[in-house]
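Participant: One-letter residues, chain by chain:
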Amino acid sequence: MVDARRRKVLLVASHGGHWVQLRRLAPAFDALDVHYVSTNPGLLAEVTPALLSVVPDANLRNKMAMLELAFRMLGIVFRHRPDLVVSTGAAPGFFALVFGKLLGARTIWVDSIANAERLSLSGAKVKPFADLWLTQWPHLAKANGPIFKGAVL
Amino acid sequence: MIFATVGTQLPFERLMRALDDWAGMHPERPVVMQLSDSDYRPRHCQFVAYTRPAEWEQYFNEADLVVSHAGMGTILKSLELGKPLIMMPRLAALGEHRNDHQMATSARFDGYSNIRIVNDSIELTAALNDPPAATLPVDSKENVNLNALIGALKQFVDGGVIKNG
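Here the protein sequences come in this chain order: A and B.
Mapping the first sequence onto our numbering, position 72 (from 1) lands on 72, and the numbers just tick up by one.
Mapping the second sequence onto our numbering, position 109 (from 1) lands on 1109, and the numbers just tick up by one.
By construction, these hints were calculated from the structure, which means they are not laboratory data.
Take these hints with a grain of salt, some might be off.
[Unchecked claim] Below 25 Å or equal to it, Euclidean Cα-Cα: the simulated DSS-like pairs (lysine-lysine) are:
no. : chain 1 : residue 1 : chain 2 : residue 2
1   : A       : Lys-125   : A       : Lys-142
2   : A       : Lys-127   : B       : Lys-1154
3   : A       : Lys-127   : B       : Lys-1163
4   : A       : Lys-63    : B       : Lys-1163
5   : A       : Lys-101   : A       : Lys-127
6   : B       : Lys-1163  : A       : Lys-125
7   : B       : Lys-1154  : A       : Lys-142
8   : A       : Lys-101   : B       : Lys-1163
9   : A       : Lys-142   : A       : Lys-8
10  : A       : Lys-63    : A       : Lys-8
11  : A       : Lys-8     : B       : Lys-1154
12  : B       : Lys-1163  : A       : Lys-142
[Claimed, not checked] Covered by chain B, according to a simulated footprint, are these stretches of chain A (three or more residues, beta-carbon under 8 Å):
no. : region
13  : 12-23
14  : 43-56
15  : 66-79
16  : 91-98
We treat Cβ as the ideally placed atom computed from N, Cα and C, and that holds for glycine.
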């Protein structure tokens, strides 16, 4: 039986740098029931006993892949009904926050530390859907967001 | 062993060609290249298009030197291990990425002593002949920035309000 009182969090990042950063932040969510979403099935070994859903990666060059990603992510968010959705990027995280927010979850975006000059494209677009909207660079923080509270390094 | 890696999104032939040329003159230094989706075939190096995450970790761990694009996954892993890293930022003008954010990323991580930034084949050759030294892992329990960020996330999870400052 699933403990109905334990809150669920969806941790979402594409494979590579986004994933490494997400994993570094994972201890913040130890008290919650964690479910991962990424773009490479080989990452399951690293997160077991937590579970991993796999979605296709996508970028703006490929509209079909983007559409498929959006549908897959909608399905995952709908099935899991998370209380909280967290992402470090990129496109998979954007859709996870959008659908999470629409289905009533609280949402956190931590923009990748790779974006030192300006926020990532998905990071900028996700603002209306992020309850907590963070950058990892103090000089990118603004009064109306994003907020700087620290970094993975 | 030298491990060269360019991530999963795009190939980076300029870097791989330059490294392969160097490897041809240094048969005593075995090189494994992860090429991504590339038509390029190195003549002097072992290569693979993609690795499983666990394989990538294994190559990274076994390598005494890593050569890469300025990708965050590679940077974070090299800092975590204190592993010597030579990295070349991708340039949008050469069609190597959508924009020049890797130039900015490189500049930000230039100060770490185990990381060397190179911009062309000449600088790469010089760095390979005289690579940066390994350092102590910078990532540890005392990592102030990471602990602060995790603290803010926990506060938010517990219903707190997070503001700048």
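Participant: Against the 25 Å threshold, does the CA-CA distance of Lys-127/A and Lys-1163/B hold or violate the hint?
Facilitator: Holds, because 15 Å separates the two Cα atoms, which is no more than 25 Å.
Participant: Under the criterion that the straight-line Cα-Cα distance not exceed 25 Å, is the pair Lys-1163/B, Lys-142/A satisfied?
Facilitator: holds, 10 Å
Participant: Next pair to validate is Lys-8/A with Lys-1154/B; report whether the Cα-Cα distance is within 25 Å.
Facilitator: holds, 14 Å
Participant: Need the status of pair Lys-101/A, Lys-1163/B: alpha-carbon distance at most 25 Å?
Facilitator: Holds - the C-alpha atoms of Lys-1163/B and Lys-101/A are around 20 Å apart, at most 25 Å.
Participant: Lys-142/A and Lys-8/A were given as a pair; does the straight-line alpha-carbon distance stay at or below 25 Å?
Facilitator: violated, 30 Å
Participant: With a cut-off of 25 Å on the C-alpha distance, tell me whether Lys-1154/B and Lys-142/A pass.
Facilitator: Holds - the C-alpha atoms of Lys-142/A and Lys-1154/B are around 22 Å apart, at most 25 Å.
Participant: Mind checking the alpha carbons of Lys-1163/B and Lys-125/A for me, to see if they're no more than 25 Å apart?
Facilitator: Roughly 20 Å separates the two Cα atoms, so the pair holds.
Participant: Is the listed coverage of the region 66-79 of chain A by chain B valid when you require three or more residues with a beta carbon under 8 Å from a beta carbon of that chain?
Facilitator: Violated, because only 0 residues of the region 66-79 of chain A bring their Cβ atoms closer than 8 Å to Cβ atoms of chain B.
Participant: Within the region 91-98 of chain A, is the number of residues with a Cβ closer than 8 Å to a Cβ of chain B three or more?
Facilitator: violated (count 0)
Participant: Given the proposed pairing of Lys-101/A with Lys-127/A, does the C-alpha separation stay at or below 25 Å?
Facilitator: holds, 11 Å
Participant: With a C-beta cutoff of 8 Å, work out whether three or more residues of the region 43-56 of chain A approach chain B closely enough for the coverage to hold.
Facilitator: With 3 residues close enough to chain B, the hint holds.
Participant: Regarding the pair Lys-127/A and Lys-1154/B, is the alpha-carbon distance no greater than 25 Å?
Facilitator: Cα-Cα ~20 Å, so holds.
When each numbered hint is compared with the structure, violations occur for hints 4, 9, 10, 15 and 16.
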